[in-house]
Amino acid sequence: MYNKGVRYEIGRVHAIATARPVLDLVVDGILDPARLVTSVVPFSEAATGMTAPGTKVIFVNDFA
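0 is the number of the first residue of the sequence shown in numbering that gives the first Met the number 0; add one for each residue after it.
Mixed in with the good hints, there may be bad ones.
Here are the simulated distance ranges between beta carbons [stated by the list, open to error]: (1) G4 <-> R34: 28 to 38 Å; (2) Y7 <-> D61: 33 to 43 Å; (3) V21 <-> F42: 19 to 29 Å; (4) F58 <-> A18: 14 to 24 Å; (5) D31 <-> A63: 23 to 33 Å.
I should point out that these hints are in silico values taken from the structure, not numbers from a laboratory.
As the structure is a prediction and not an experimental result, all values here were calculated from the model.
Idealized CB from N, CA, C, for every residue including glycine.
Using the sequences and the hints given, assemble the complete structure.
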């Protein structure tokens, strides 16, 4: 990659600037965020949930 003239930049995204168009897609029914979630795991099982293969894991508070 480095010998091919590829430029690799990392950093934080300015989320506020990019969130509005994505939220508009959700509101208009074009984007369904539920399709991105592969599993929902309670905090008490977080260690297992973090190692499970998947695109997006959502953790829920089961300590309350």
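These are the hints, each one checked on the structure:
Between G4 and R34, the C-beta spacing of about 36 Å keeps the proposed range 28 to 38 Å intact. A hinted range of 33 to 43 Å holds for the C-beta pair Y7 and D61, which are about 39 Å apart. The hint said 19 to 29 Å for the Cβ distance between V21 and F42, and at roughly 26 Å that hint holds. Between F58 and A18 the Cβ separation comes to about 21 Å, which falls inside the hinted range of 14 to 24 Å.
For the pair D31 and A63, the supplied restraint of 23 to 33 Å holds, since their beta-carbon distance comes to about 28 Å.
Checked against the numbered hints above, the structure breaks none of them.
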